[in-house]
Amino acid sequence: MEEWNLSLAPENAAHVQLKKKYELFINGEFQKPFSNKYFETVNPATEQAIALVAEANEKDVDQAMKAAAEAYKPWSKLSGAERGKYIYRIARMIQEKSREFAVIESLDGGKPIRESRDIDIPLAAAHFFYYAGWADKLEYAFPMRKPQSLGVAAQIIPWNFPLLMAAWKIAPALACGNTVVLKPAETTPLTALKLAEVIQEAGLPQGVVNIITGAGKTGAEMCAHPIPNKLAFTGSTEVGKLVYKAALSGNKKVTLELGGKAADIIFDDAPIDATIEGIINGIYFNQGHVCCAGSRLFVQETVYEEILVKLKKRMNTLIVGDPMDKNTDIGAINSKEQLDVINRYLKIGRAEGAEIYQPNCKMPELGNWCPPTLFTNVAQSNRISQEEIFGPVLAIQTFRTIEEVIDKANNTPFGLSAGVWTDKGSKIFQLTKALKAGVIWANTFNKFDPTSPFGGYKESGFGREGGVHGLDAYLKFD
Amino acid sequence: MTRLKIHKTYKIFIGGKFPRTESGRYYPINNAKGEPVANMCQSSKKDFKNAVVAARKAQGGWVGMTAYNRSQILYRLAEMLETRSASFIEELNVLGLSKKAAEKEVNASIDRLVYYAGWCDKYTALFSSVNPTATSHFNFSVHEPTGIVAAIAPEKSSLLGLVSVIAPVIAGGNSVIALASETKATSSISFAEVVQNSDVPAGVISILTGSASELMPHMASHMDVNSLVDARGEMKAAELNITNNVKRYLNWANKVSNQDPYLILDCQEVKTTWHPVQTNAASGAGY
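Here the protein sequences line up with chains F and A, keeping their order.
Just so it is clear: in the first sequence, position 175 is 206 by our numbering, and no numbers are missing.
Just so it is clear: in the second sequence, position 258 is 306 by our numbering, and no numbers are missing.
It is worth saying that the hints were derived from the structure and are not from the lab.
Heads up, a few of these hints could be off.
Unchecked claim - Which residues of chain F face chain A? A partial, calculated answer using Cβ under 8 angstroms:
# : residue
1 : A157
2 : W472
3 : K478
Said to hold, decoys possible - In silico DSBU-like cross-links for lysine-lysine, where the CA-CA straight-line distance does not exceed 30 angstroms:
# : chain 1 : residue 1 : chain 2 : residue 2
4 : F       : K458      : A       : K105
5 : A       : K97       : F       : K276
6 : F       : K51       : F       : K367
7 : A       : K170      : F       : K458
8 : F       : K50       : F       : K108
9 : A       : K152      : A       : K59
Just so you know, even glycine gets a beta-carbon here, dropped at the ideal spot from N, CA and C.
Isolated chain F, as found in the complex:
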């Protein structure tokens, strides 16, 4: 077959305004850190440093918390309608700067510009827009109850959807009348800091949103601090358990969005071609850096060969490379550390006796890359089908009956998401009812919306983000 070479379609990054050095955003101002320390944030596709970012220490965290506590007094007394208008304003400003946000997101995190442009940034703006409208309607969401704000929310977010996770955290917190101290991940701080500029420009009262940067130690200081009444965390199950412990010690309300190992289940009556696209989107979206990724594929035996052939064929067409190219399907792995984790699992998979398939794709020399990968001949007990890899790695198993696949799918400590592909409605409902997961995609995968609650069962955490159910996380009741 003749090879199709797409012309390069690079996104222009010249319009982006980035500072060389970012301070902490506390009490409405960018402040130098008490720590006097800065760290580099690196473009994972080029290995070049983009900017220096301040590292918040205990004293910085304390100052941010105090600013948030001070700001809470007037902010919580503001009418819901007025609060809502500030949030609407932020939503609009993100929309207006969406191009710039998208480029920065891809530069800093390595995700394809197509995804940051079409998914991350529009959804972040939509999330602010959605929760803005709730600010003056909270009583309607909780019949016979008086919803009240909590106080200060300490929020820690991961590196896979940096701006979107900031939106998921900040928007409902503000709508419910709380103030915020947010920490983005140390490898992807730039869009959150850009959001700080937007928040400053929007005229949000000082201290209502504080954005501080740093790594795990900074996060631990936030959780241990006496001021916050609420901890919100998205990240690994391992760290989530520490956050939970801190919340129990400090008697703080807590919500956790943790890891996942989603089953994506293919029945023989599924629309095969659409299903192939769904499988690809389920696991290779955002380099597989997705807590709800469909990383365990279960295929009914009768269509296994067909699915495997078509899946490999489709994988061969995926373009791995420059995140800034609009044709790119799979961008850079977010960090060297994460690439090491993924490579370690590739080794483990082989050692466990699974068969690996990777298309022979060209990848740039510099940067962190991993081709789309699938494993066949996988056992339920293999680590690659039990543990979260957080990379573009799919583990395939087969099944014969519905009962068997339900057992296998639920046999995991996680319970964040699952997928089902079949043309039969009653089978969909049987499966979606039986699967122990917070989000079930039937004949689709990896869809998100501000109106739709997201969050998991079991060791995937508790609490929901999005929709009417997402309000509960930021309110208390008499």
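Fit chain A to the supplied structure of chain F, relying on the hints for placement.
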């Protein structure tokens, strides 16, 4: 000649049966004058583990029943308690409640069961949602039980307190293992007899007696428990291993004196389902 009264040894209630505690240990219950009136089981870690196994076995069937059916079974509990109310009043009276106060507690317990019976087929309709996504999908969120709930029932109110903890948990399709009041457990185990004679499937409700401080660490750390209800507010949650499987910790110390559908929701997950909608829109939805 005065007749010598029989002191009953109350057993525990696990998986629809009344075994003695595996521990071989018992403790006395005294009346208001400090005289012993009964012996209770000092439940052990092993008793609790057995109850969790029974609870897990029963839970799928319980949540698989129709909500209408669960509603009728809770109502049946109320019926059974009503017919035995005289003996419950007597039992509470022996432990020091006035006749009047005992009658009030029994009546309130019956009414509370009726209250939650009515919620079984209604709370999902009130608190679920159809979510208007901006893409062409049909998207809805419904509640589901978290699964297995371990609960420490109030110390002071051995019947009403116990019923107020158990009813909202099972109304939502969970199985429950409840630790009864330690010093007043007689009516709690008598309530287990009511449960056994109703239509509640074996294992959906288990009731243990004994020391909260002894059992709490095991309830907190068990890997197959999904939610932990603490109706005494005595649990030092941060010191126990609740986080090992990220189970929920619910402090109900000030909550079970009232009846409240939000207690049902405390032990629920929210599950959201998406499906594409085929449309003719140029935006290209559907699969």
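Next item on the list: Give me the numbers of the hints this structure contradicts, sorted from smallest to largest.
Entry: 8
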